[in-house]
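My request is simple: use the sequences and hints to build the entire structure.
Residue-level listing of the chains:
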Amino acid sequence: MSAAPAPLVDGAKKNYLLALREAIFEEMESNPNMLCLGEDIGILGGAFGVTDGLQLRYGRDRVIDMPISEAAIVGVGCGMALNGKTVMAEMQFIDFISCGFDQIVNMTATFHYRTAGDVNINMVIRGPAGGYGGGALYHSQMNEAWFCHSPGLKVVCPSTPKDAKGLMKSALRDGNPVIFYEIKELYRRRDLEEFVPEGEDALIPLGKARIAREGESITIVTYGQNVHHCLEAAKKLDAEGFSAEVIDLRSLVPLDEETILESLKKTSRLLVVNEAPMTCGFAGEVLARMSQNAFELLDAPPARITRMDTPVPWVKPLELHVLPSVDDILQAALRICRY
Amino acid sequence: MEQYVAKSPSSESSKMSSDPAAPDLQPRSALTPDDRKELLKQLYLARYFDVRLIKEKKRGRLRGTLYSSHNQEAIIVGSLFGLKGTDWISPIHRDMPAFFMKDMRAGWRNPDRIGMSVQEVCAQVWGKATSPGRARDNWSHIGSRAKRIICSTSMLAGTIPAAAGVVYADRLDGGDAVCLTFNGEGSTAQGVFHEAVNFAAVRKLPVVTIIENNQWAYGTPVRDSLPEGLESFAGRAAGYGIPGYIADGQDVLDVYDKVMTAVNRARSGEGSSIVECISFRAYGHGDHDDDRAARYRREFYGDRWEEVIAEERERDPIAVMKRHLVGLGEMTAEEAKLMPAEGKSAMEVNDLDFPEDVVKYLNEGVEFAVASPPPPAEEGSMWVFKEGGR
Ligand SMILES: Cc1ncc(C[n+]2csc(CCOP(=O)(O)OP(=O)(O)O)c2C)c(N)n1
Ligand SMILES: [Mg+2]
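Chain order of the listed sequences is A and B.
The first sequence begins at 1 in the working numbering and counts up one residue at a time.
The second sequence begins at 1 in the working numbering and counts up one residue at a time.
Certain hints may be false.
[Said to hold, decoys possible] Now the stretches of chain B that chain A is said to cover, found in silico as 3 or more residues with beta-carbon under 8 Å: (1) 130 to 138; (2) 144 to 156; (3) 183 to 193; (4) 217 to 228.
[Claimed, not checked] Using C-beta positions, here's what the derived DEER-type ranges look like: (5) A/280 - B/390: 35 to 45 Å; (6) A/11 - B/302: 27 to 37 Å; (7) A/241 - B/195: 53 to 63 Å; (8) A/280 - B/129: 25 to 35 Å; (9) B/383 - A/201: 45 to 55 Å; (10) B/84 - A/309: 32 to 42 Å; (11) B/302 - A/257: 51 to 61 Å; (12) B/350 - A/239: 49 to 59 Å; (13) B/129 - A/84: 50 to 60 Å; (14) A/201 - B/298: 32 to 42 Å; (15) B/305 - A/12: 41 to 51 Å.
FYI, nobody ran anything at the bench for these hints, they're computed from the structure.
The beta-carbon is built from N, C-alpha and C at its ideal position, and this holds for glycine as well.
What follows is the structure, given as structure tokens:
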């Protein structure tokens, strides 16, 4: 096998995509039991290049170009994991995860439960997700609610390069199946580039939210691409005399209720934002839990901003019509702050 | 069970005429010189559509990914040429011209033909409200019950079950429609491919499953999707108890022969078949992949790469059809040199390399699309549910 182009940590600032790539390389390097499966991840290096150079370095036995079958990618990965391997399974777009649905929610998610703890599936199923990019119905989805609703799966969605790397590394060591939502519109965003720590220092625990911005007037809970929309809205709120605290959940399952509660003690106002459709979406879950656990803390009815209950259409004006905008967030936050 | 499976399209055994057991073996024998001229014209049209879109995209006038059908036009043209207007099709990402080439023999501009107009298809590509899907989903994701085109999703092989359902319903209504489903060779790995082909076989449904084997599924070569020892995707047909035909996907007449044999068989109630068309993807998977594809394919083929490219240019479907016409005495060698679009990349050709009426026809589509309005934003939340009941 020929030597790979230097893939490992080089200390330079990283965008979201390169941070993920670095996490996978580091874990492959330090864990000889780790395998990667996916469509076009080897010869091509992945549709977006997350696995660029991986097969060259680790060979065709550990980095497997799979036939186009998400069910096989997940199911085979599950088998490898049940027999002791660490598995990274790539969905070329997270939208296609539906083609492997049964293997995920019935086979993989429940293995530990069914075997009374005998077997655990150490597998990360990751893929590019999210709208706002003109990807249309099948290259824009945020379908995390399906998996949050399937016990046995952890669900993660980072919004910065540091978190992307740290959560990926932790997910690959978690011992459970983790569905990992990568936001493709963030992959190459220049303004998010940052230095990411190396090796063990990079680890970020699952189930721990991040305060993306501190504030006093309102708590805005969100994740993924909407974190950046909420930060923008928060700036505009400043101009209106309200300071927003923006919480980036990072992990949906398990959910860090503690951090939200702490924030509500300070702000007493809650807005939840996600780009998935409203009905049975994760924003609703956060609202429900906070209504139940923090009712007495609240000074205003909590609210959510989500996509309309529609698919994500292709053409820009239609797409923006159904997805949450910075202005939608701003207006909702103002209503809550002025209540 | 009759099997017409060969090793490669160039080998003699792939010519079904050499198989005495085969039924109506050469549907092409019924084609007239005018039909053959029309076939060549349609190859030019499909090529020009692709070339034109590539150029428009490069000028920044189009959004979305362009999955070129360059070098694979004979599959589209040869498959559609013998269909009835009332037949159904479900094209995939690489078959964009199929939407306006369906039922084209009824007249390119015939408003009653049961296929989309080039105006409608261009409007879709340009993302305009005059597209059949009002540009709600992108590119090839358009369909119409009236035009008998199944609207696909991105999920590969996802329309084959619907194809079976459509013709099942048509049979109950007393129709004789056949449904052609188009699929890449890579997509045959999907479970739903098997599940649907099996059902169609069990119920002898008139579904013809076309496999466009262009040797690559994005960055994955056939080596990684076909087991050693199985020489073709069509070879899997035996397992379903249906015929699997192999066509030379560069030769529009061979595609026509094999698809029509399958279609005739399906229409007469004998059931479904698989037709694998052997071809080669000329460029990247999509236009975003052109540069990388040049690299990974050069690496993959190594020393053979120049040879592969030369052979592909030599076997351009337009060139192959011209050779047929010259051989049949329907075109002189001098005439064959005119309009030399074959063997050239989109950027190497210009309008003069194509028949005038082809360019004119497409211009009508482009002009219509450009002049059409985009859909209003509010449409994004319309048509989630049908109102008013059945
Ligand atoms: C279920 C599903 N998985 C993955 C993809 C992503 N994808 C789009 S096209 C493609 C390759 C298709 O190859 P092939 O079937 O050979 O058709 P070709 O593009 O070569 O014509 C892939 C993997 C998809 N669209 N649907
Ligand atoms: Mg292919």
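So the hint says 25 to 35 Å: do the beta-carbon atoms of residue 280 of chain A and residue 129 of chain B match that?
32 Å, holds
Are residue 201 of chain A and residue 298 of chain B spaced within 32 to 42 Å by their CB atoms?
39 Å, holds
Does the stretch 144 to 156 of chain B contain three or more residues whose Cβ lies closer than 8 Å to a Cβ of chain A?
holds (count 4)
If I claimed the Cβ atoms of residue 280 of chain A and residue 390 of chain B lie 35 to 45 Å apart, would that claim hold in this structure?
Hint violated: Cβ distance 27 Å, outside 35 to 45 Å.
Falls inside 50 to 60 Å, the C-beta gap from residue 129 of chain B to residue 84 of chain A?
Once the Cβ atoms are compared, 56 Å apart, the range 50 to 60 Å for residue 84 of chain A and residue 129 of chain B holds.
Outcome for the supplied range 41 to 51 Å, where the beta carbon pair is residue 305 of chain B and residue 12 of chain A:
33 Å, violated
Tell me if the beta carbons of residue 302 of chain B and residue 257 of chain A are separated by a distance inside 51 to 61 Å.
57 Å, holds
Is the gap between the beta carbons of residue 383 of chain B and residue 201 of chain A within 45 to 55 Å?
Taking Cβ atoms as reference, residue 383 of chain B and residue 201 of chain A lie about 51 Å apart, which means the hint holds.
Range agreement (Cβ of residue 239 of chain A with Cβ of residue 350 of chain B, hint 49 to 59 Å)
55 Å, holds
Holds or violated: 53 to 63 Å for the Cβ distance of residue 241 of chain A and residue 195 of chain B?
60 Å, holds
Between the stretch 217 to 228 of chain B and chain A, see if three or more residues pass the 8 Å beta-carbon test, and mark the coverage as holds or violated.
With 7 residues in contact (Cβ-Cβ under 8 Å with chain A), the coverage given for the stretch 217 to 228 of chain B holds.
CB-CB spacing for residue 309 of chain A and residue 84 of chain B relative to the 32 to 42 Å hint
40 Å, holds
Violated hints for the displayed structure, listed by number in ascending order: 5 and 15.
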